[in-house]
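Trainee: Residue 313 in the numbering used here is what sits at position 302 of the sequence shown, and the numbering runs on without skipping anything.
A hint or two may mislead.
List time: in silico EDC-like cross-link candidates among lysine to aspartate or glutamate, alpha-carbon distance up to 20 angstroms [stated by the list, open to error]: (1) 330 - 117; (2) 197 - 117; (3) 330 - 38; (4) 197 - 254; (5) 197 - 38; (6) 197 - 291; (7) 213 - 280; (8) 213 - 256; (9) 213 - 38; (10) 304 - 321; (11) 336 - 100; (12) 336 - 196; (13) 197 - 331; (14) 213 - 53; (15) 330 - 53; (16) 304 - 271; (17) 213 - 240; (18) 77 - 38; (19) 197 - 37; (20) 304 - 317; (21) 213 - 271; (22) 330 - 252; (23) 77 - 139; (24) 330 - 317; (25) 197 - 321; (26) 197 - 317; (27) 197 - 334; (28) 197 - 276; (29) 197 - 309.
Now the in silico label distances, taken between C-beta atoms and shown as ranges [claimed, not checked]: (30) 284 - 143: 15 to 25 angstroms; (31) 148 - 239: 14 to 24 angstroms; (32) 77 - 270: 49 to 59 angstroms.
Treat the hints as calculated values from the structure; they're not laboratory data. Beta carbons: idealized from backbone N, C-alpha and C, even for Gly.
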Amino acid sequence: MRLLITGGAGFIGANFVHSSVRVHPEDSLTVLDAMTYAGSRESLAAVENDIRLVQGDITDAELANKLVAESDAVVHFAAETHVDNALADPEPFLRANVIGTFTVLEAVRAHGVRLHHVSTDEVYGDLELGNARRFTESTPYNPSSPYSSTKAASDMLVRAWVRSYGVRATISNCSNNYGPYQHVEKFIPRQITNVLTGRRPKLYGSGTNVRDWIHVDDHNSAVRRILADGQIGRTYLIGAEEERDNLSVMRAILRLMDRDPDDFDHVADRAGHDLRYAIDPSALYDELGWAPKHTDFEDGLRATIDWYRDNETWWGPLKDATEAKYEGRGQ
């Protein structure tokens, strides 16, 4: 299969490229990435001889058309994703997430190419703490932030292009990912690299906010399964049923790094901080026979800590600027 991977130099996309090279060496992979601060050639260095890497903007219609025309399928990861950045400056999120997805949709429509659109559980808003309810494919959209609202808009565009134009597309909404190559602005790698650089870890508010965690390799194996066997027009929710509050995750990181589990600072909470995310992945389990392999969160967390400990050359150049940005926000 000739596969075009948008945003393939970012966190989840790069891991998808690595697993594709490893598990599907028969595929021909083209990565399109704008190489913003969140994209890194270094993330693809180990597989650079196995792929074609094109630096370009997903909103460039001419480039998108050219690359899509050469492909059998597109996996669309490209997006601006960090909620704090969206709160500070939402315009790049509108351009990348909405106009970028529109551009991809028009290209796959023109050339009859299969599309899988990668999205987030944050489009559903949040759930009450202590409630047993979980997000399903029929949960109404209720986004809380500029980030999640632009991802909700992109999902709606995909659905409309499927219905109006017959585009062969599927959507997945996934819970919080963790693993290698995640930018140090994100919660888990920020705390790990704070410890590794002698800084005190930082926790928003009281840390009672709950997230549903999944290892990035499990997310990507689900995307592959949907791409192969998913029903056109369907939305699949991807999750590993690993709900944990942020305080528990912080203490687990500190314990696994041989630090006092209370050795961190509470900082100002994020504006409009969603309370709880929880995914019901039963349709993916039942219909496509998928299940996560990383079923012990702390084992996955330990391996992630080891990766950051062993790869400071990858994240080190990003760290000081990231922490300066947080310090400017009082976080």
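Trainee: With the threshold set at 20 angstroms, check whether the alpha-carbon distance from residue 77 to residue 139 stays at or below it.
Mentor: Not satisfied, since the Cα-Cα distance of roughly 46 angstroms exceeds 20 angstroms.
Trainee: Within a Cα-Cα threshold of 20 angstroms, do residue 197 and residue 309 meet the stated pairing?
Mentor: Cα-Cα ~18 angstroms, so holds.
Trainee: Are the Cα atoms of residue 304 and residue 271 separated by 20 angstroms or less?
Mentor: 30 angstroms, violated
Trainee: With a cut-off of 20 angstroms on the C-alpha distance, tell me whether residue 197 and residue 331 pass.
Mentor: 14 angstroms, holds
Trainee: Does residue 304 pair with residue 317 here, judged by a C-alpha cut-off of 20 angstroms?
Mentor: Distance ~19 angstroms between residue 304 and residue 317 Cα, so the pair holds.
Trainee: Take a quick look at whether residue 336 and residue 196 sit within 20 angstroms of each other, Cα to Cα.
Mentor: 9 angstroms, holds
Trainee: Between the alpha carbons of residue 197 and residue 334, is the straight-line distance 20 angstroms or under?
Mentor: 11 angstroms, holds
Trainee: Taking the CB of residue 148 and the CB of residue 239, does the distance hold inside 14 to 24 angstroms?
Mentor: Because 19 angstroms falls inside the window, the suggested range holds.
Trainee: Assess, step by step, whether the Cα of residue 330 is no farther than 20 angstroms from the Cα of residue 38, and give holds or violated.
Mentor: Between residue 330 and residue 38 the Cα gap is close to 35 angstroms, so the pair fails against 20 angstroms, i.e. violated.
Trainee: Quickly compare the C-alpha distance for residue 213 and residue 53 to 20 angstroms and report which way the hint goes.
Mentor: 27 angstroms, violated
Trainee: Can the restraint linking residue 336 and residue 100 be considered satisfied, given a maximum Cα separation of 20 angstroms?
Mentor: Cα-Cα ~13 angstroms, so holds.
Trainee: Going straight from one Cα to the other, do residue 213 and residue 240 come out at no more than 20 angstroms?
Mentor: Roughly 42 angstroms between the alpha carbons, so the hint for residue 213 and residue 240 is violated.
Checked against the numbered hints above, the structure breaks hints 1, 2, 3, 5, 6, 9, 10, 14, 16, 17, 19, 22 and 23 and satisfies the rest.
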